[in-house]
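There are 4 protein chains.
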Amino acid sequence: MSLNSYGHLFRVTTWGESHGPALGATVDGCPPNVPLDEAAIQVWLDKRRPGQNRMTTQRNEPDAIEILSGVFEGKTTGTPIQLMIRNTDQRSRDYGDIAETFRPGHADITYWQKYGIRDYRGGGRSSARETAARVAAGGVARAALAALLPGVEVRGYMVQMGEKTIDRARFDWDAIDRNPFWCPDPEAATEWETYLDWLRKDDHNSVGAMIEVVARGVPAGLGAPVYGKLDTDLAAAMMSINAVKGVEIGEGMAAAGLTGRANADEIFMGPEGPEFSSNHAGGILGGISSGQDIVLRFAVKPTSSILSPRASIRKDGTAAEVVTKGRHDPCVGIRAVPVGEAMMAAVILDHFLLDRGQTGGTRGQIGPPAS
Amino acid sequence: MSLNSYGHLFRVTTWGESHGPALGATVDGCPPNVPLDEAAIQVWLDKRRPGQNRMTTQRNEPDAIEILSGVFEGKTTGTPIQLMIRNTDQRSRDYGDIAETFRPGHADITYWQKYGIRDYRGGGRSSARETAARVAAGGVARAALAALLPGVEVRGYMVQMGEKTIDRARFDWDAIDRNPFWCPDPEAATEWETYLDWLRKDDHNSVGAMIEVVARGVPAGLGAPVYGKLDTDLAAAMMSINAVKGVEIGEGMAAAGLTGRANADEIFMGPEGPEFSSNHAGGILGGISSGQDIVLRFAVKPTSSILSPRASIRKDGTAAEVVTKGRHDPCVGIRAVPVGEAMMAAVILDHFLLDRGQTGGTRGQIGPPAS
Amino acid sequence: MSLNSYGHLFRVTTWGESHGPALGATVDGCPPNVPLDEAAIQVWLDKRRPGQNRMTTQRNEPDAIEILSGVFEGKTTGTPIQLMIRNTDQRSRDYGDIAETFRPGHADITYWQKYGIRDYRGGGRSSARETAARVAAGGVARAALAALLPGVEVRGYMVQMGEKTIDRARFDWDAIDRNPFWCPDPEAATEWETYLDWLRKDDHNSVGAMIEVVARGVPAGLGAPVYGKLDTDLAAAMMSINAVKGVEIGEGMAAAGLTGRANADEIFMGPEGPEFSSNHAGGILGGISSGQDIVLRFAVKPTSSILSPRASIRKDGTAAEVVTKGRHDPCVGIRAVPVGEAMMAAVILDHFLLDRGQTGGTRGQIGPPAS
Amino acid sequence: MSLNSYGHLFRVTTWGESHGPALGATVDGCPPNVPLDEAAIQVWLDKRRPGQNRMTTQRNEPDAIEILSGVFEGKTTGTPIQLMIRNTDQRSRDYGDIAETFRPGHADITYWQKYGIRDYRGGGRSSARETAARVAAGGVARAALAALLPGVEVRGYMVQMGEKTIDRARFDWDAIDRNPFWCPDPEAATEWETYLDWLRKDDHNSVGAMIEVVARGVPAGLGAPVYGKLDTDLAAAMMSINAVKGVEIGEGMAAAGLTGRANADEIFMGPEGPEFSSNHAGGILGGISSGQDIVLRFAVKPTSSILSPRASIRKDGTAAEVVTKGRHDPCVGIRAVPVGEAMMAAVILDHFLLDRGQTGGTRGQIGPPAS
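Residue numbers (the numbering used here), protein chains in the order written: chain V, 1 to 371; chain W, 1 to 371; chain C, 1 to 371; chain F, 1 to 371.
Hints are computed from structural coordinates only; laboratory data are not their basis.
Note that the Cβ used here is the ideal one computed from N, Cα and C, for glycine as well.
Some hints could be false.
Stated by the list, open to error - Distance ranges between label pairs, derived from CB positions:
1) F/R216 to W/G361: 26 to 34 angstroms
2) V/Q365 to C/P369: 46 to 54 angstroms
3) V/E272 to W/E321: 20 to 28 angstroms
Stated by the list, open to error - Within a straight-line C-alpha distance of at most 27 angstroms, the following computed DSS-like cross-link-like pairs (lysine-lysine) qualify:
4) C/K47 to C/K325
5) V/K75 to V/K47
6) W/K164 to V/K164
7) W/K315 to C/K47
8) C/K315 to W/K75
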């Protein structure tokens, strides 16, 4: 049991602190013979990397991935894959204030209360920088999915920033990669840019966000009752991301407001198998994938580190006013998009391997026997 | 690794099908010397038990708990506790339709797709009846908490049924046990009763619900970065409950709409330690409890089994119209209240044991050294 | 994590005390569609059952297995299988002495030291009676192997009792089931019978034993580096059996005395794949099965409960002379034979499922490509 | 679940191949505030390091440890500790033969059969070089034991090399560190040196060994029934080491030859608690430590890589004669001494943490109440 790990057969353990020498992920259980090299992982890290535009923190690091084990002649060997990213831009500085003061809304105080010691440099282990290791591990998961379940596609995007939501009528898959918010609504993206500039520069504030992640092409039958459910593992995966405060599948929290008649996804027989009239379930029934798109959303709270002063205390109990001056994302949710994708990819791969182990991938037949 | 288990040191595995001879929970890792007997568990099962009023299914079973192991002379011994509930009211009947037809919104189709076999009687393993085993295990967790962390109190209640929500201004802790909805707003409870009667009898429909669970008195320091977070485990625990589609902690999904200034819980030094100006965080920072109330909500979708006809298919691919005539809860969320409480209690106990193991319970001091 | 469980994907948790109401095993991860009923398990329990002859304890219980879940219409469903055996012959008696006194060589004292409470009736959880649950779970493993790997055969037998060993020149597979010792050497069996009668009745003593278990027909490729090795899991499985003090694979402890030239199993190409000149390795290389017979031995210490007086102490620290009068096996190793078989079957099944999950069962080719 | 990990709360995952860029260990669950730096680990690595004398392989690498995470200002923080050792002496060479041919007694063939790919350079993941990572992790375990259980001392030594065993009458703790075999019998050590020189240079052979590891000062109460036993975990830990073929606790395999009267460790009340007349049990009763010395032995087979030709096959099925010319230990058991110590230390720490979590360290009292 490791509290810094996730996954059953595809098992990822991340390690490292924000301002230590390096951080990374130990990936165990990746199937053998999967084509993999640094470039296949770097592309996802570049997507998450800070400093690419003024919307995210100006910390400028290459986040270059090194594969230290588990790959031979361009293919995975079935042994643990060690992924390492050197921290190159930890500016030497006076951490005195941070060392003694607890930032409101931060893990500073709870780490201290739990451990009686904390690496306060840049937030240490609680920094969002940890998610770089998740994205790297997600790159391995994507490579394995490409080899084993080539039809699966995992896409994430932002659907809300603060009080501003996208207009689903303008949803455009192609727009996602064309704006710094991974926003599928180009008009919303333009509006968000203006808003975020004002928020950061003038309001000295930050803002929350809602991310949606969709997996297409996932075969029916992945998942398991009743605690190893696909949605249970997805919920845990997303909730484990820094600053996430809520997770929902399909209708999600709105399901509380629906009636059974409205919520039921009716079933019809299509040319290639069962089809559904709708997807209130978000692609999961009883914890097992139905073959529909898997759809989830998670909420990312606003960055706690802001330029506006907030009341707090020091370790010695005296009052302090906290103003965080460092380089911080005004909307940490933006970078949560590739992180959510990475976690989704890892969970799907994991359940594919589990299902293969437990059932051998046999499926109950639906429809008349092939003649 | 077991996909029918949850918990790290306090490890619960549930087993059993709705219409099999029995169901239960294997509870491993309960500390020794905890006073425990059947009565201490039965009280929680009685709270969840169906057939108590017309708001829940009329299946009438005593749900009598038997402790088969792990308890000696009224105390736990540190060995596995086996909890068994006999199924006594599985009416013999013709299951023919259910066996061949997939109910919309149900796990019928995904179990079949995954396993190529399913115990269709009463939903088998996917039945909400499985939650009786969770409530029994939660009874053990509560007994252990009472012995080890006597200040902890876990309470759940319904805050929404369909489109109808409670008025927080009328929130009354004492009202919760006085109505069949575990509703803290007595006026809302009266309204819900009328609505649910109509829904079931006239509309032949069902409805979703939102449950809130609060844990008071949880000490600071429980939880762990970064995948064994207290909120990660709570999210997984709640999402694993049948029909749950979303989970949120503190501000939850609404955190996406907030700014950092609004969301930060400012910290002050109180007479007995740190105090917070608000609880947007829901009592958890960086995955670790802060000492504030832990507050979560989860959404339960409306029961799929309704009297209104819905379109579906049979195993052979032919179209079918499904009308579920059996005894079913019009709002399965009602009975999810004690289930959510049970899961919360189990997770808190588990993290208390984990913390004791990993840190020995040492805490960083806040405030001036005692003179 | 459960300390009363073993297995990765085929996960068994046993529960129950010697003189409680029942004991059993929760079996999670059994593949679906495996034919299974009580009779298929009972046959193995009958093999282990005490009271069959004067060589084992006279406790006379039917040890009737009940399947409480996970099986539907004679086949496994992929959900947890609960196996229960009622304890029917716990004679009411005065346990006063046992309650206060620690038997030498027994877990009495360590259970008390660890937990500060112990179910002393019949040894409680530390009783060899727990192995009935293992044998039942092994019955499930055997059924699954029969369905999924039909060529696998697991056989155990006694090769040593006290200082008396079998003569390998007289090894006869057919003899094993024809004597109460599961001894493959009929002459040794006759001698052992006389010896054990004398030991029990006249010498008031007990004696140790060595068990060998062989698995034939296990395909190459099961196991994994470097802590999930097949031999690692076999060693753990056997060492977890009551009274076992040593485990060895292939040459085992004798490998310390060999040279590399003597120990190497040379490889030749046979008509159906690689063949080996010998099997010093016991069928496992680098933690992975080679296709040869898997051969292990484990040593069972003599029963601590004997009629000869031994010095000990009571809980209050006063000296006591312990004479155990109850019904006890003079050679508990005899009944360890079916237990060792059960554990071997469970480990092999588990690694078959693991391998299927992790590699999909793909194998490196040896030999010329098929033309 | 990770097949490259061991431990429950103190969880170690090793990674890396013999000739890859680096290898290491991810150590999760180390308690916070343990003093730790590179030097504290390096001392154990230096003990295991090859090239120190002519008894071990001449591969000459500094095996310099780097701590990449989890330590702050000289103390552990409770977050994962990443330990890395760069591989600096992988001579570039022609691996052609090894790539296509399976060495007898080696994992070459089973890795190929399982994965269909293998990093053949220096044995890849199956190389004994992996044990450097174990020793590093063991260094962390030792540091934590020193902080939490300062009385515990773990010592290993060789008691047999080939057919040559030590004379226990000459056992001298101080001799262990004074010869290249970690042999407690100085006369035997001298004899072994001559023998091993001849074996390597003239006989072109290798030889097996028996290692004994003793832990003193382990408190009573560590371990747990019935699969999380202390001896179960020790057996697994030792069997997981490369080339180990057998493990035994206390009397071990010899227990099969004893009678109950001879084997029982009688108990007496000493001034500070229970004392035992002997230690046949090896310090463990019912899977739980008794406070006596924990004593185990494990057998290491002779190195398979020898200069004498052995028959084998190539991947294409053709016959090959294998002569291994590289740098190889004639007795790999020598370097297994610090590895066995490291595993013992890790298991004891793990069970200390587990016990603290599960029981809070409460103990049953033995002796009269303090007046």
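Status of the hints after comparison with the structure:
Restraint check, F/R216 to W/G361: a C-beta distance of roughly 27 angstroms satisfies the suggested window 26 to 34 angstroms. With their beta carbons about 35 angstroms apart, V/Q365 and C/P369 fall outside the hinted range of 46 to 54 angstroms. V/E272 and W/E321 have their C-beta atoms about 23 angstroms apart, which keeps the hinted 20 to 28 angstroms range intact. Under the criterion of a C-alpha separation no larger than 27 angstroms, the hint pairing C/K47 with C/K325 is consistent with the structure, at around 25 angstroms.
The suggested pairing of V/K75 with V/K47 holds, with an alpha-carbon distance near 23 angstroms, which does not exceed 27 angstroms. For the given pair, W/K164 sits about 25 angstroms from V/K164 by alpha-carbon distance, which is consistent with the 27 angstroms threshold. Using a Cα cut-off of 27 angstroms, the hinted pair W/K315 and C/K47 is violated, with the two alpha carbons roughly 42 angstroms apart. With a CA separation close to 19 angstroms, the supplied pair C/K315 and W/K75 stays within the 27 angstroms bound.
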